[in-house]
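Enquirer: Can you build the whole structure from these sequences, using the hints too?
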Amino acid sequence: MINTKSHILESVSRLIFLFIIIFSIYLFLKGHNEPGGGFIAGIAASIPLILLAMSLGVPTVQRVLKIDSLSLAATGLILAYGTSFIPTLLGYPFLFQKMIHTHIPILGELHIGTPVLFDLGVFMVVVGVSTKIIFSFLETVNSKEKG
Amino acid sequence: MIHMLQSLIDNIVVLPFFIALVTGLVGIIWRRPCTSRRLFFSISAAIQMVLAWYLIFLTHKVKILFLPLGAWKAPFGISIAIDVFGSLLIGVTTMLSLFAILYLFATTKKDKENFLLLPLIQFMIAGIVLSFSTGDFFNLFVSFEIFLIASYGLLTLKSDEKSIKNTFPYLGVNVIGGTLFVLGASFIYGMFGTLNFADISAQTSNLSQDPKLILIASYLVLVFGIKAGFFPLFYWLPRSYSCLPPPLAALFAGLLTKVGIYAIIRTLTTIFPLGLVSIYSAIGYLSIFTMVIAIIISLSRTNIREILCYNLISHIGFLMASIAIFSPISLTGGIFYMMHHMVVIASLFLISGLIVQLTKTDVLQNAGNVWKTHGFVGLLFLIQALSLAGLPPFSGFWGKFLILREAIRFDQLSLAIAIVLASILTLLSMIRIWFHVFLKKNESLKIGPSPKGFKRSTTVVSILVLFSLAMGVFSNPFINASNKAMTGLLNKTSYENKVLVYEQTLKMIPVDKNGHSKQSSEKKQVSPIHSHPGQQKTKNGHHKNENYQLKSIPNTVSKKEVLDGTSVH
Amino acid sequence: MLLFSSIIIGIMFTVAIYLILENRLLPVLFGFGLLTHAANLAILTMSKNPIGKVAPIIKSGVTNYVDPLPQALILTAIVIGFGVTAFLVVLIYRLYTASGTTRIVTLFNEEISTK
Numbered sequence: 001m002i003n004t005k006s007h008i009l010e011s012v013s014r015l016i017f018l019f020i021i022i023f024s025i026y027l028f029l030k031g032h033n034e035p036g037g038g039f040i041a042g043i044a045a046s047i048p049l050i051l052l053a054m055s056l057g058v059p060t061v062q063r064v065l066k067i068d069s070l071s072l073a074a075t076g077l078i079l080a081y082g083t084s085f086i087p088t089l090l091g092y093p094f095l096f097q098k099m100i101h102t103h104i105p106i107l108g109e110l111h112i113g114t115p116v117l118f119d120l121g122v123f124m125v126v127v128g129v130s131t132k133i134i135f136s137f138l139e140t141v142n143s144k145e146k147g
Numbered sequence: 148m149i150h151m152l153q154s155l156i157d158n159i160v161v162l163p164f165f166i167a168l169v170t171g172l173v174g175i176i177w178r179r180p181c182t183s184r185r186l187f188f189s190i191s192a193a194i195q196m197v198l199a200w201y202l203i204f205l206t207h208k209v210k211i212l213f214l215p216l217g218a219w220k221a222p223f224g225i226s227i228a229i230d231v232f233g234s235l236l237i238g239v240t241t242m243l244s245l246f247a248i249l250y251l252f253a254t255t256k257k258d259k260e261n262f263l264l265l266p267l268i269q270f271m272i273a274g275i276v277l278s279f280s281t282g283d284f285f286n287l288f289v290s291f292e293i294f295l296i297a298s299y300g301l302l303t304l305k306s307d308e309k310s311i312k313n314t315f316p317y318l319g320v321n322v323i324g325g326t327l328f329v330l331g332a333s334f335i336y337g338m339f340g341t342l343n344f345a346d347i348s349a350q351t352s353n354l355s356q357d358p359k360l361i362l363i364a365s366y367l368v369l370v371f372g373i374k375a376g377f378f379p380l381f382y383w384l385p386r387s388y389s390c391l392p393p394p395l396a397a398l399f400a401g402l403l404t405k406v407g408i409y410a411i412i413r414t415l416t417t418i419f420p421l422g423l424v425s426i427y428s429a430i431g432y433l434s435i436f437t438m439v440i441a442i443i444i445s446l447s448r449t450n451i452r453e454i455l456c457y458n459l460i461s462h463i464g465f466l467m468a469s470i471a472i473f474s475p476i477s478l479t480g481g482i483f484y485m486m487h488h489m490v491v492i493a494s495l496f497l498i499s500g501l502i503v504q505l506t507k508t509d510v511l512q513n514a515g516n517v518w519k520t521h522g523f524v525g526l527l528f529l530i531q532a533l534s535l536a537g538l539p540p541f542s543g544f545w546g547k548f549l550i551l552r553e554a555i556r557f558d559q560l561s562l563a564i565a566i567v568l569a570s571i572l573t574l575l576s577m578i579r580i581w582f583h584v585f586l587k588k589n590e591s592l593k594i595g596p597s598p599k600g601f602k603r604s605t606t607v608v609s610i611l612v613l614f615s616l617a618m619g620v621f622s623n624p625f626i627n628a629s630n631k632a633m634t635g636l637l638n639k640t641s642y643e644n645k646v647l648v649y650e651q652t653l654k655m656i657p658v659d660k661n662g663h664s665k666q667s668s669e670k671k672q673v674s675p676i677h678s679h680p681g682q683q684k685t686k687n688g689h690h691k692n693e694n695y696q697l698k699s700i701p702n703t704v705s706k707k708e709v710l711d712g713t714s715v716h
Numbered sequence: 717m718l719l720f721s722s723i724i725i726g727i728m729f730t731v732a733i734y735l736i737l738e739n740r741l742l743p744v745l746f747g748f749g750l751l752t753h754a755a756n757l758a759i760l761t762m763s764k765n766p767i768g769k770v771a772p773i774i775k776s777g778v779t780n781y782v783d784p785l786p787q788a789l790i791l792t793a794i795v796i797g798f799g800v801t802a803f804l805v806v807l808i809y810r811l812y813t814a815s816g817t818t819r820i821v822t823l824f825n826e827e828i829s830t831k
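Residue numbers (this note's numbering), protein chains in the order written: chain L, 1 to 147; chain X, 148 to 716; chain V, 717 to 831.
To be clear, the hints were calculated from the coordinates, so they are not data collected in a lab.
C-beta atoms are modelled at their ideal positions from N, C-alpha and C, and glycine is treated no differently.
It is possible that some hints are incorrect.
What the hints assert, rightly or not - The list that follows gives simulated cross-link-like pairs (lysine-lysine, BS3-like), each with its CA atoms no further than 27 Å apart:
hint	chain 1	residue 1	chain 2	residue 2
1	X	602	X	259
2	X	309	L	132
3	X	507	X	599
4	X	305	L	132
5	X	220	L	98
6	L	30	V	769
7	V	775	X	602
8	L	98	V	775
9	V	764	X	359
10	X	312	L	132
11	L	132	X	257
12	V	764	X	220
13	V	775	L	30
14	X	259	L	132
To be verified - If you only want the chain X side, here are some residues facing chain L, beta carbon under 8 Å, derived:
hint	residue
15	155
16	161
17	165
18	168
19	169
20	175
21	214
22	653
Said to hold, decoys possible - Simulated coverage check for chain L against chain V, where a stretch passes if three residues somewhere in it have a Cβ under 8 Å from a Cβ of chain V:
hint	stretch
23	31 to 41
24	128 to 137
Expert: Structure, rendered in structure tokens:
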């Protein structure tokens, strides 16, 4: 069912891969004060990966990704917890967030802060976990159909 | 440097939870099982234990340790508050996790170890510690789910058909329990406009006769009762626990059900007003059934671990009885009994693991001969069995004595009779194991030389048994600590003051470089969690507490509604 | 509005419980999913009547926002429910590959008889 190769699926998923990734980065950066953020961006970024895994097979995608999904999720969580732990060394409560607002000459206003790092962690967790779930499904289904 | 350390100590309440979680995460990345990985995990567990004991020391000095996460003041942000009760339980939890991990290392080979095993244990410990330290309902739900999901993982780690089948009832019951918990949280939010323990407590202080409050409180007791394994709701427990390997079964039995009891005690003391008499008496009836029926079932079982499981459920009934009497002394006894029971039931499960190592079976009929070849294991079992039954020099006695005395003092004779009966039947079921496993001569069973790792695992268990013995013989400091925990629980105003009027030891006002304080221009409005910064410049940027006057509408309105008795949702 | 959503929550709970009591594991799975969503809807209802209120994103000059806390809670509850559902799917699939059936009676009867 899934391992019978579909050329349409394959070329479409290659085509839209970049668009969805860019859109997810847009969602990621838009977050915090407006809808968006790490969670939604992570879901969006995992969709093209899952599509590729469906069309090209899980091993190919894992080879391209180079990092195991579960390790990615764990790294993301460590990143998120790390950013929430740093304030405890500086006299602030755990999970404290700091925003910086500067004016960059040509580009305009920049609002950035530690939540970005936290969100990056969440992003990695979501990508890791959702791809892990779907990949393990695909693998078991494929191996069952072969054997 | 000293500055950093001071700041870290101010944040100490998150550390046991945080270290457990990060250790688990590192364990997911660092997969190859080897000695240094095991060393890493055991050192981390030891650090957690030392920290938790330091927490006990701290809470004895300042009573309640409170931390507003992310510098958001109490009713709005997530608050972490550890009182003496919580810190005692965290201390026992981290100790049990350390011993279970050491036992695990002694009995399993390195290359047979699943790489997820240790991280999942750490996640479970993190969830349990968080639920002992959290200060609001939703965080309690989240921490429950953290340790439940970790426990699903541990139950199905073998991923064979039997363990999956045994996990199913556990999973189903806990999914339904979690859903009911969310529903309960939504009721509470609808009624009080807050989920913070201290805030609810402040709002409900004179509502002990309000039928809606009684309804919500009894609903929550039901929800936590599913986790604790109350009388009609315990059928899932023995089935899933008895298929676990001994160290995991020890952790599950020692910790998971106690979290439910902890939540019930927390709900009925800290959160809701004292004097909800109807709920206490309902818990009393349930406790009688739990104690007696579970112990009678245990007499009909032939599998050591199942017998222990039903004993566990029966002793949950003792804890419920201490809640049902609800006098200061009975609560002291209950808290002491809780600590005692966590240690004793965990070590009994570990001893059952030792027996299985020796006799290769955990069915009573096939076992035997152990006393002659391995008398020391018999001694360990004897101490813990008598302690479980509640004989005088051992730790079980003191808790039972206090609860029983209060039951008689308050004329709750049925409860007293049930306590005595269940204790005697506990002794009987322990004697059954003693006779079949240790004394009986079984010709067909040959106990060979001690299997590999047996000595080390026995050492681990005997340290735990020694601790439990110390709890019985030198019971004074433990009783005093439980007494202090009880006073902390019943002294609601000090909890409220500590949490709602936070004295700032940490910097609370987020101010950025340009002197913008993150202050919203719309006070007294429902504001999003992150207020938009820089809307209003302050001169010096040091307007203390300005930022936290974003009192949300539901909070103020529903408080008024509740006081008028008109709140209908 | 409150009445309407409470009726929907009631229906969802009824359907979920009916599905959970089914004999096959797949309806049970859907039942659990529906159960968590019913609870989530109950939390959402606690943010009171949303008609005429604005989504909780700060804009200047707007004051009547919807209460944002229930939405934050729901997000957490949904994620947890998602994780548990995924886990359940894997478990059911594993049981199905092992014994070739998802009928609860057949699955759990064997175990009782072998005991």
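Enquirer: Please go over all the hints and tell whether each is borne out by the structure.
Expert: Okay, the hints, checked on the actual structure:
Restraint check for residue 602(X) and residue 259(X): satisfied, since their Cα atoms lie roughly 20 Å apart, inside the 27 Å limit. Taking the CA atoms of residue 309(X) and residue 132(L), the gap is near 25 Å; set against the 27 Å cutoff, the hint holds. Straight-line distance between C-alpha atoms of residue 507(X) and residue 599(X) comes to about 13 Å, which keeps the hinted pair within the 27 Å bound. Distance restraint check for residue 305(X) and residue 132(L): the Cα-Cα separation of roughly 19 Å lies within the 27 Å cut-off, and the hinted pair is therefore satisfied.
Taking the CA atoms of residue 220(X) and residue 98(L), the gap is about 16 Å. The hint holds against a cut of 27 Å. Annotation: proposed proximity of residue 30(L) to residue 769(V) holds, straight-line Cα distance about 23 Å (limit 27 Å). For the hint linking residue 775(V) to residue 602(X), the alpha-carbon distance of about 68 Å lies beyond 27 Å, and the restraint is violated. A threshold of 27 Å between alpha carbons decides the hint, and for residue 98(L) with residue 775(V) the separation of about 21 Å falls inside it, so the pair holds.
Between the alpha carbons of residue 764(V) and residue 359(X) the distance comes to roughly 19 Å, so the proposed pair stays at or under 27 Å and holds. Between residue 312(X) and residue 132(L), the direct Cα distance comes to roughly 24 Å. Compliance with the 27 Å bound is thereby established for this hinted pair. As the CA atoms of residue 132(L) and residue 257(X) are separated by approximately 26 Å, the hinted pair is consistent with the 27 Å bound. Taking the CA atoms of residue 764(V) and residue 220(X), the gap is near 24 Å; set against the 27 Å cutoff, the hint holds.
Distance hint between residue 775(V) and residue 30(L) is fulfilled; the C-alpha atoms sit about 16 Å from each other, no more than 27 Å. For the hint pairing residue 259(X) with residue 132(L), the CA-to-CA distance comes to about 23 Å; that is within 27 Å, so the pair holds. Because the smallest distance between the Cβ of residue 155(X) and any Cβ of chain L comes to about 6 Å, under 8 Å, the interface hint for this residue holds. Residue-level restraint check for residue 161(X) holds (minimum Cβ-Cβ distance to chain L is 5 Å; threshold 8 Å).
Hint status for residue 165(X) relative to chain L: holds, with the closest Cβ pair at about 7 Å, below 8 Å. Proximity of residue 168(X) to chain L holds as hinted, the smallest CB-CB distance being about 7 Å (cut-off 8 Å). With 8 Å as the threshold, the beta carbon of residue 169(X) comes within range of chain L, its nearest partner Cβ sitting at about 6 Å, so the hint holds. The interface hint given for residue 175(X) is met, as the beta carbon of that residue sits about 4 Å from the closest beta carbon of chain L, less than 8 Å.
Interface restraint check for residue 214(X): the shortest CB-CB distance to chain L comes to about 6 Å, inside 8 Å, so the restraint holds. The interface hint given for residue 653(X) is met, as the beta carbon of that residue sits about 5 Å from the closest beta carbon of chain L, less than 8 Å. Under a criterion of three residues with beta carbons nearer than 8 Å to beta carbons of chain V, the stated coverage of the stretch 31 to 41 of chain L is upheld, 4 such residues being counted. Only when three residues or more bring their CB closer than 8 Å to a CB of chain V does the claim for the stretch 128 to 137 of chain L stand; here the count is 4, and the claim holds.
Comparing the model with each earlier hint shows a violation of hint 7 alone; every other hint is respected.
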